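Given these sequences and hints, build the entire structure.
4 protein chains.
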Amino acid sequence: MLLSTERTYHDPLHGAIALDGSDSTEALLIRLIDTPAFQRLRRVRQLGPASLTFHGAESSRFTHSLGVVAIARRAFDRLASVYPQLQHYRAVVLCAALLHDIGHGPFSHTGEEVFGSNHEHWTGRILQESAPIREALDAVSPDLFEEILQVYLKKHPLPLVWQLVSSQLDCDRLDYLMRDSYFTGASYGRIDLDRILMAMRYDPVTQQLVVARKGMTAVEHYLIVRYFMYAQVYNHPKNIAACWVLQQAFVRARELLQQGHLDADATVTAWLSGHCDRLPLDQYLAADDGVFTYHLQRWQASKDPLLADLCRRFIDRDLPKTLDVTHLPEAERQALLERVHQWLATAHGNASYYAGLQVSLSRGYTLYQRGIKCQTTKGLQELSELSPLVQTLTNPYERAWLIYPRSLESALLKTQ
Amino acid sequence: MLLSTERTYHDPLHGAIALDGSDSTEALLIRLIDTPAFQRLRRVRQLGPASLTFHGAESSRFTHSLGVVAIARRAFDRLASVYPQLQHYRAVVLCAALLHDIGHGPFSHTGEEVFGSNHEHWTGRILQESAPIREALDAVSPDLFEEILQVYLKKHPLPLVWQLVSSQLDCDRLDYLMRDSYFTGASYGRIDLDRILMAMRYDPVTQQLVVARKGMTAVEHYLIVRYFMYAQVYNHPKNIAACWVLQQAFVRARELLQQGHLDADATVTAWLSGHCDRLPLDQYLAADDGVFTYHLQRWQASKDPLLADLCRRFIDRDLPKTLDVTHLPEAERQALLERVHQWLATAHGNASYYAGLQVSLSRGYTLYQRGIKCQTTKGLQELSELSPLVQTLTNPYERAWLIYPRSLESALLKTQ
Amino acid sequence: MLLSTERTYHDPLHGAIALDGSDSTEALLIRLIDTPAFQRLRRVRQLGPASLTFHGAESSRFTHSLGVVAIARRAFDRLASVYPQLQHYRAVVLCAALLHDIGHGPFSHTGEEVFGSNHEHWTGRILQESAPIREALDAVSPDLFEEILQVYLKKHPLPLVWQLVSSQLDCDRLDYLMRDSYFTGASYGRIDLDRILMAMRYDPVTQQLVVARKGMTAVEHYLIVRYFMYAQVYNHPKNIAACWVLQQAFVRARELLQQGHLDADATVTAWLSGHCDRLPLDQYLAADDGVFTYHLQRWQASKDPLLADLCRRFIDRDLPKTLDVTHLPEAERQALLERVHQWLATAHGNASYYAGLQVSLSRGYTLYQRGIKCQTTKGLQELSELSPLVQTLTNPYERAWLIYPRSLESALLKTQ
Amino acid sequence: MLLSTERTYHDPLHGAIALDGSDSTEALLIRLIDTPAFQRLRRVRQLGPASLTFHGAESSRFTHSLGVVAIARRAFDRLASVYPQLQHYRAVVLCAALLHDIGHGPFSHTGEEVFGSNHEHWTGRILQESAPIREALDAVSPDLFEEILQVYLKKHPLPLVWQLVSSQLDCDRLDYLMRDSYFTGASYGRIDLDRILMAMRYDPVTQQLVVARKGMTAVEHYLIVRYFMYAQVYNHPKNIAACWVLQQAFVRARELLQQGHLDADATVTAWLSGHCDRLPLDQYLAADDGVFTYHLQRWQASKDPLLADLCRRFIDRDLPKTLDVTHLPEAERQALLERVHQWLATAHGNASYYAGLQVSLSRGYTLYQRGIKCQTTKGLQELSELSPLVQTLTNPYERAWLIYPRSLESALLKTQ
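Residue numbers (the UniProt record's numbering), protein chains in the order written: chain E, 1 to 416; chain A, 1 to 416; chain X, 1 to 416; chain V, 1 to 416.
The hints are simulated quantities; they were obtained by calculation from the structure and are not laboratory data.
Everything hinted at is true.
One copy or two, either will do: identical chains are not told apart, so a pair holds if it fits within one copy or between any two.
Below, simulated DSBU-like cross-link-like pairs (lysine-lysine); rule was C-alpha separation at most 30 Å, straight line: (1) Lys-238 <-> Lys-414; (2) Lys-321 <-> Lys-303; (3) Lys-373 <-> Lys-214; (4) Lys-373 <-> Lys-321; (5) Lys-373 <-> Lys-154; (6) Lys-238 <-> Lys-321; (7) Lys-214 <-> Lys-378; (8) Lys-154 <-> Lys-378; (9) Lys-378 <-> Lys-414; (10) Lys-238 <-> Lys-303; (11) Lys-238 <-> Lys-214.
No experiment lies behind these values; they were computed from the predicted model shown.
Quick look at the structure:
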C-alpha cells in the first residue's frame, strides 16, 4: 500500500496537513503530537473565555499548533529550496513551531493573569522534563531540545530559525489571525497567506528573515489586520468583562483557600496555593480549562456566597457592563471607580469584586525583536520606515474600561 | 440611541444574527438564551468526541442552536410574508428551533449511547420543569410550552410548524450540515442554503411544508450531502473507535461503582447509578462534557488498572484500530471477533473492553415523517419518486467495523 | 535576487500558482502561456452564454486552463514522489493539462453546436500547426507534441498520463466544477479537492490511476456534484433558451450569407461559409466570443428584420420561455410544438426561429474510458459496483424543454 | 403559485438577490435591469484590462451593479425600519444604486483616460435621454429621474440618500471591494459587511449617514482595505503597463484617423473623431469593451506597423516592464525617461509609444464629501480625528513608474 506511513490532519484553514512518516523530521512531529502533553492542548482553548463574547471562538491550542507547523513547513521548505544549506535546520524549525504553545495552561493568556503563570517558562520545562517529549527529541539529535529552547529565547544562532517561530512576522501569528478570524466570524483577520509566504526571503548576509519589496503590501496588511483583531476581538469590552469575572472568582477562591475553606481537588489546590510556576511538572500538566471550569461549576454551591455568586456569573454568562473611560485622565477614572465602589459597598458590601478598571496598552508593531526588514534597491530597510501605516502602528494604543454591575444606577456614571 | 435593545451574535456561518429586543418573540429568545440551562449548551460539544478525529470539530450545541434559530427565522418570515395567517406561529417556531437541543447531555449523541439517556425526553422535562425557561415562555403565552412540546412530538396541528424544526428538511439539519462542514473542513457539507430557503413553500391545503419544483435540485443535493457527512464524518471509523473507548471506560466505571470502588462526585455517581432519565432535573443539568471529562482525567490514577488504562487511552487519544467487516456475513464477523477475544484473553486478560464489533445501519432518507413533497404540475409528489438519487438513499446502508487493539498480530485478521 | 525566474498567477481558487522558470517543464509552461493561441483563451468564456442566466459566469477558458495545470501538478507530483519512474512523464502531463482546451472556439461548447466545430480536432491542429506552440514543445523534446496528442486520444501508452487529463476523474473536471461553482455562486460544485488528490494512487501493475478505498467517498461526492452542476447550471432551462436564440441567429445569418445578403468580416464569413473544421488555422484562431458578439451587435441593424430581431433578443437578453416536457412522450412533444408553430406562423410568420424542442440526454457516470477503479481488499473494483449512488448515475437522464415565445397564449400549452 | 413575480439573481457574494415584482420599487428595478442600456453593462468589465494582471478579474459592471443594489437595499431597509419617514426615499436610493455605473463605457475607468470620456456625464445623459429608462422611471414618479441625478451630484436634499450611493462610505465601494477581492483572489478586500451595515445610523438632526461608535472599527478596517486594494490591485505596475499600451494604441489610431488611414466602423470612428462626450446617445451606447477589442484585434493586421505592433502587444499580453521611480525627484524621473527615449529613438524610431512615466497620486481618505461621522458621547465626530490609521490615510500617496520596453539594456536604468 502506498504512503501508508502518512498521517493526515484535515484542517478547515489549511486543508489536508499530511505528515510523511517516512521522513525523519515529520515522523518526529507525529511522535510529538501523540504525547500526552501535546494532546492536552485539546483541552486548552486558544482564546480562553472569548467564546462568551464570540460564540464561535471555541477552538483549542491543539488545532492552532497544527496550523502553525503547517505554515512553518510551507515557509521553510520554500526558503530551503533556494538555500539548501538551511535544510539542516528543518527539524528545529518544525518542532519549535509545533511545540511553541505546549506550555499554555488553563484559559491560555487569561489564565496567566489569573494564576500568575508564564507559559514560556512552562514550554521550557516541558521540553526539558517531560519524558515522552524529551525522548522523542533526543532520539533524533541530542542537541535538538537545546536548539528549540534557543528559538523560544530568540537566541538561536541563525536568526531566521527563531524569526519563523517568534517574531513580528512569524508563523504563530499568521495562523492565529487566520484561525481566530475563521472561528469568530470576524472577517478582519483574513490575511493573504500565499502572498506573505511568497514574499518571505532569507538574507544570507545577515542570516535573517526578510521581505521582498513586492510582497511588502501583504505584510503591511497583515500587521494592520492584527491591530484590528486586537481592537475588535481580543480586547472586546465584553471579553474584558468576562476575564474580569473569572479573575475575581479565583481571587476569592485563593482567599478561601488561605482560610482553609475551599473545596478543591489536589491539582487546583496546588495551583492556588503558591507560585504556580514552581509546581511539579505533573501538577502543571494535570490542569486545563476543563479542570478549572469544573471547579467553577462546583463552587456555585459553595458555602461562601461571594464565591458562589462570582462562579455563577461566569458559568451562566451573567457579565458586568463596561464603560469606555479611555478619554478620561487617570484621576477621573479613579474618582469614578471610587464612586462606584462606594455605591457597591452600601448596596452589596463586596465592592472590589464587582467593579474595577481594566487598562490595555498595546502597540500594533514594535521594533524590538528586529522588526521586519524589507529588501529595497537601497538594501534592507525597516518596514516602519517605508510604510506610514506601520509607522502609525508603532504608537502605543491605550484603552481603558470601567467594569461595573448591571444593577448600578446609571446616574452614577455621568462624566463630563 | 438607535436599536439599543438589539442583541447581536456574530456567527461564522450566518454572519450577524441580530435579535430585536423590541419584538416580543425576539425578546423572548434573548431571555431564553440567557437562562443557565441554555448557557449550559456551551459546555456540550455538537459532535461529542469527534474532535479526536477531525480536530476542528470543537464547536458546541450552543453555537448550533443559535444557527438553527437564525435559519428558522429566515425560512419562517419568508413564508409568513406570503401567508400572513402564519404569523401567529412565529413564537412557537422560533422557540422550538432555539430549544430543540436543550435536552442534550454530555457528549451529545455519543453520550446517549454511553449513559442510556434520551435527549428528547430531557428537552421535554426541561421545558416543563426548568423555572427560568418555563416562566419566560409562560410570560408570553400560557400555551406556548405545550405547543413547543407538540412540535418535538411532530403533533403540532399545523404540520408546517413541526416540519420546520424536525423533519426530513428542517432547520436543524440545514444548520448542522453547514456547521459541521465548516468546522471539520469537510467540504462535503456545503449546501445551497439560499436556494433551499427560496424553494420552501407552504401548502395551504395540507398545511405542510413543501418544495417548489425549481428548488428540487437544491433539496436533492442537501439529502445527498447529508449522506456523505454520515459516511465520511459522523461514522468515520476513527470516530467510532473513539466512541467505543469512551463507552468501555464508562462500562468499567459503572462496574466499579456497583462494587463500591468508584471515586466520583455526586453528579457522576447519580448518572452512573441507575436509569439516568429518572434523574432529578438539577442532577441532569449539572452534567456536561466537562464534568465527565474531568472524571476521565482523574480516573487515569484509579486503583483499578483497567479503568485507568481505558481513561488514559481516551484522554491521550491512544485509540484502537478498526477493520471494515461490512462485506462479511454476521457469522464470520462473530468468528473473527471470537478469535481476537481469545488472543486478548491470553495476552491481556481483559478481552471485552479492547475489541468489539460496531455496526451502523442508516438510511439517507426515509418516508416516515411525511417525507418531502414537491409541487409539480401533477400536484404534490414525493421527492423520492421524482429523484432516482433520493430513491437510492432510501435503501438501508450498513457499515460494520471490528475494533481491535494496535498490538494485535495482524495475521489474526486474515479473512477470505 | 531570489527566485527571479518565478512567474506567479494569483488564482481565487488555488491561491498563488507559482511556475518556476528554472525548471525546464515549468519554463515550457510559461512559454506556452505566452503564446498568442493560449492568450486567445482569455477571449473565450468557459460557459459560453451562461452568464445570461448566472451573472457571475463570466470567466474564461484561460483562467480554467491555469487551474487545470495547477491541479495536475499537485496530483502528478504527489504520485511521482512515490513512483520516481513517473517523473519522466511530467512534461507531457502538465503540457497536456495546460493545453487541453486550446482548441475551443467562440462560445465554447455552445459554439460547437452553433458552428459545427469540434474543439478536440482544433486542439490537435493547433499543436501541430501553430508555430509558437510547436516550437516551444519541440525545443524540449521532438516527441512531446505527439505524446500530448496521444493523451487527448486516450492512447498514451501509460494510461495514468491520459487519465489525469481526460477521464471520469481528471483534473479538467476537478477544476471546472470548483471554478464554475465559485463564479456562479452555486454551492453545488464544492468538491473536496484535498481528499480527492490524496486518494489518487498509481497502480504499477495496470499503470493506471486508481482510487484508495479511504478516499472513495470524496470521489463519489465529486461525481454526484458534477451531476448537480449539470442539472442546475449547465442545463438550466434559461441557459438552454439563451443557447437556442444564439443558434437561431446564426442559422439565419448563414441563410443570408448563402443569399449574399450578410454583412460580415472575413473571419465570420469564413466560419459561416462551409465546414468550419476545414478553416485555415489563422481563420480559426482569429475568432473568439468577442468577434462573434461584435457581429451580433452590428446585425441588430441588419436589413433582414428576422436576423435583427434574433440578435437583439440575444444581446438585450430578451429570452423565450421554456416548458418542461420531459414527462411527455415524443409524439405529444411534437404535437405540442406543432401547435405552437401553427400559432406562430399565423401570428408572426417565422415559426421555426421562435419555438423548438431541446432535449438533453446525459449520464452522470459512464464505464467507457475505463470508469474509476478503487483499491479494495479484493483488488481493484469498479466504483459503480461499490457505490449505489454512482450506480444510479449510470442511468441515462433525459430532460426535454419546449422553447416558446413570451407572447404565446398560455392556453396553447395545456397538456394532460 | 407563490411568489411568481419574484426575480432572483444568484450572486457569488450576496447569495440570492430576490427582487419582489409585487413591490412597486422592486418591479421598477426589474424593468430597469431589462433595458438594453443596463444589459450593455454585461459587456463592460469592472476593471478594464486588469484581467491581464489578475486573471480572475473578468467580471462586469452588470454583476457589480446588482451587488450595489443588494447592499443598498439591506442598508436602507434597516435604517427605514427605525425611521419610517425614510421609506419615501426607497425608490430613489435603490434606483440610484442600480444605475450608478450605467454611464460607464469601454474599459471603464481606463477607457475614460483613453477616450477622454466621463462616465458621470453619461450616466446623466442616459437617465435623461434613454427612452426605456426614462419611461420606466417616469411611470413611477415624474420627479424620480431628477432626484436620482441629484444623488449623483451629491445635492439631494436629504444627505443620507446620496451618501448611501456616493460618499466615503457608500454601497458602491462596499460591493466593489468585496467583489474585486473575490474575483482577483486578493484577500485584502475582505470587509466585514455585516458589521458595517449594522453600524450605519441615520442622524435625524443633520439628516446624514453616520456610524455608531461600536462599529467604528469595521469602518476603519474598510478604509484601510480600500487603500490596500489600490496599492496592490488597481495600481499594480503590470496593470499600469497594460493600460499604458492600450492608451498608446488608441493614440496611434487617432493619429491615423486624422490622416484618413484608419479602418474602423462607424462607432469607433465617431468615438475617436472628436470629443466623445458630445456623441449622440446611440453612438455612445453602441460601444463597449467588445467593440473596441474587436478593432484592436483587427488592427493587428493594419498597414501601419506601429498600430499593428501596439495592438498585438495588448492582445497577446506582450507588455512593457515597469520601474518604480517613486523615490526619484521629478527632474531625475524626466532625465531617466529622456535617456530611454533617446535609446528608443535610435533603436526603433518610435520612442514615445514605448516608454513613458505614469504617476498616480491618491488619498486613502478625504474629508471633502463630508467625510465619515461617528456617534460618540461628545456628539458626532469626524472619523479621521478618532482614528490614527484613518488620519494616516488622509496623506496623499504618490507612486511613479517608468514604463519601458523589455528589450531595453538594463544598464540604462541605473539610478543612484
